[in-house]
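Below, each chain spelled out in residue letters.
There are 2 protein chains.
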Amino acid sequence: MDPKETSIPAMKDLTIDNITENTVLINSQGPDQRLTYVMERLVTHLHDFARETRLSTKEWMAALNFLVRVGQISSDVRHEFILLSDILGLSLLVDAIDHPKPPSSTEGSVLGPFHTHDPPTIEHGSSMSSDPQGEPCLVLCTVKDVKGNPIEGVKIDIWETDSTGHYDVQYKDLESPDGRCVIRSDKDGVFWFKAIVPVPYPIPHDGPVGQLLLLLKRHPWRPAHIHFMFEKPGWDHLITALYIRNDPYETSDAVFGVKQSLIVDFTSADAETAKKYGVKEGTKLLKHNFVLVGEKETEVLRDKNALAALKKLGRKVKLIDHLPVPDVD
Amino acid sequence: MDPKETSIPAMKDLTIDNITENTVLINSQGPDQRLTYVMERLVTHLHDFARETRLSTKEWMAALNFLVRVGQISSDVRHEFILLSDILGLSLLVDAIDHPKPPSSTEGSVLGPFHTHDPPTIEHGSSMSSDPQGEPCLVLCTVKDVKGNPIEGVKIDIWETDSTGHYDVQYKDLESPDGRCVIRSDKDGVFWFKAIVPVPYPIPHDGPVGQLLLLLKRHPWRPAHIHFMFEKPGWDHLITALYIRNDPYETSDAVFGVKQSLIVDFTSADAETAKKYGVKEGTKLLKHNFVLVGEKETEVLRDKNALAALKKLGRKVKLIDHLPVPDVD
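Quick mapping for you: the protein sequence lines, in order, are chains A and B.
Each residue of the first sequence is one higher than the one before, starting from 1 at the first, in this note's numbering.
Each residue of the second sequence is one higher than the one before, starting from 1 at the first, in this note's numbering.
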């Protein structure tokens, strides 16, 4: 925007009809075009929401108090705003925008609020769960590129609940991480570990997000799954999960994470596999091949999708640092 | 919506293009039509915002962490989400929607985050401020209806900062409320009290809202004002403020609260007034007549405005408990 146009308007007597343009104008004084654009869209949608619902003072106050509670129940190990974003479908949407997937690559899923930054690094074949009540399983995986070449040295974060459907951080007396690990792929792209068969579980519903679900007559359940996160420089960061087929919540995941391509079947280890991997014959077995996409390829696809989508929305934009801003030239 | 239409869709493989309709559908299972409508508009705007900005995972995470901080700095005496709503123009907008004002009535202004529920009730003529550094002033007011009839027994909450621009609750060692009071209008609609001449002050900018203002190159200042809130059964709740003319921030209030009709002048008490009200001659004097609107009259006007505005927006609605919901019959 031309600097001459950004002089602050005389902001008096603001009304239902002119408050938006004035707020946008006063928010447009900074040099960061991306921030200006994001704030312009944010304020416009926020105000349109209030105008279209004729939001009452009572509802406004209830919403602001709700948001305070969402912030206040959050901690180092519980991010209630991520949970709120999850149940509103925003998390899935943002992941789909930021991590477009070409055909044959592994699709993304929601991060959820329970990823932590201090899991133990384990060797191939170790167990990531110490829950004696869990049904043991063997997980044999590879990580490759779209052409089938193995990718070595990928850092893989894996996390799942215990057999009661709780993550380690949900226990107040937790002494050390459990049900989570970091593992690295070998030169053949292989990584394997022992875990427990995942179970469906409700997302934490003892807080404000649970109250909202209750008001909306929605259940808080997620189908059984194991989370995976893949990181290696040069490769697009992949956050995903594997879901177990025929879970009762397969088609009604409270956080919208399930994708057909991420639904997997357990088989059981035959004698040879059992011997090779040091498990009992008949142990539940999960085999999966993950496919990563190059960072550059993802960037090109993301840019292309952004420009196409915004053109379709009738917005004239250009990309700065791969993010859209209005193209006013 | 017909119950048959609200069966949960098979929510798998949700994409940028279908996540919104599916989220809306799963949020539409409850019996509360107003909640369903508000959530439908909320989810639609939230998702459109992400699609129009192609919101990145990094920006999404930064926003969620910002919201956690807004919640966590909030307390019984600091509501950072109200402050956030204030600087985004939402507070002014909601007040304008909920409290429409017919001509000749007193306009509303923003509540702000510093109203408290425990101010001392004072007698007419008492002082609401004990700040010896403040410039004393005498405030003589009436509260009447639009026809000029006095309204007796209105509960009036009044609050202002001290001479340094801080509200009492901003002091950690506060022993008792200061700079705030409750007073009641007499049979002539009169209420009067002693205060100090208000000063401009910055809204609290040591928290996340202050950081946002900094990013946006916005100043945090509000022009000098005194807050007033009027309550009496049968009368529309009035939240307003009086602003002192020629304040340097008169046209750039950080929270968009100033209205021309709320800008007032100080005069000074002449000998007669000084004697009558027990102040020194020459004491700064503020006289103002407030005009309340009947609750019923406001309700009728609010309903009329809502229906007209939504018709203009092309939305077919009906009112339930005076709030719009889609009219699908």
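Any given hint could turn out to be false.
If several chains are the same, the list does not tell them apart, and a pair holds so long as it fits within one copy or across any two.
List of simulated lysine-lysine pairs, BS3-like, C-alpha gap at most 27 Å [unchecked claim]:
(1) K275 - K194
(2) K259 - K316
(3) K101 - K232
These are computed hints drawn from the structure, not numbers from a lab.
Identical-chain pair category, K101 with K232, by Cα at 27 Å: Within one copy only: 17 Å inside a chain, 60 Å across chains, cut-off 27 Å.
Intra/inter-copy verdict for K259 and K316 if alpha-carbon distance must be at most 27 Å: neither (32 Å within a copy, 36 Å between copies)
Intra- versus inter-subunit Cα pairing at 27 Å for K275 with K194: within (14 Å within a copy, 89 Å between copies)
Consistency note: the structure conflicts with earlier hint 2 alone.
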